[in-house]
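Asker: Sequence:
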Amino acid sequence: MNNTWPYSTKKFALITLFTSLLITIGLKLGLPVFFTENKALIAKILKIALFTCLFIFIRSAEKIEDEYTQQCRYKAFQHAFSTTFIYGIFISNKTTSGSFFTTIDMILLYQILLYIIVFYLYKSGIEKIKE
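Sequential numbering from 8 applies to the sequence shown in my numbering.
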């Protein structure tokens, strides 16, 4: 059963991700960008775009989607979930007042980024080196 999205959605996610990151950096640095009178609303939209793009990126298929890629994907999900669960237990008491990201946002962002890193490490052959 193939539960991934087409490879072309990965390109869309990367382009949208980098665009939203550039706009976010521009807002944080105070550079003149569009719609500067509604910075709070723009920040919320950009945060949603960031998480949506990361989600699309991790759910998109690779160019070659075989059993090894699926195995790497499942191992990466397993490692990202368990590590983030432990991280969430220790960070749950910390407050992030006035921050762009809340605690749950940081946990989700950490989990998604950890998944991407672990997936590409497994896919690049780190598992083959162990054997």
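By construction, these hints were calculated from the structure, which means they are not laboratory data. Among the hints, a few may not be true.
[Said to hold, decoys possible] Within a straight-line C-alpha distance of at most 25 Å, the following computed BS3-like cross-link-like pairs (lysine-lysine) qualify:
#1 K35 x K130
#2 K70 x K17
#3 K130 x K82
#4 K130 x K51
#5 K35 x K82
#6 K51 x K70
#7 K17 x K46
#8 K51 x K35
Asker: Evaluate each hint against the coordinates.
Answerer: How the hints compare with the structure:
no.: 1; hint: K35 x K130; in the structure: violated, 35 Å
no.: 2; hint: K70 x K17; in the structure: holds, 10 Å
no.: 3; hint: K130 x K82; in the structure: holds, 10 Å
no.: 4; hint: K130 x K51; in the structure: violated, 33 Å
no.: 5; hint: K35 x K82; in the structure: violated, 36 Å
no.: 6; hint: K51 x K70; in the structure: violated, 32 Å
no.: 7; hint: K17 x K46; in the structure: violated, 28 Å
no.: 8; hint: K51 x K35; in the structure: holds, 13 Å
In this structure, the earlier hints numbered 1, 4, 5, 6 and 7 are contradicted, and the remaining ones agree with it.
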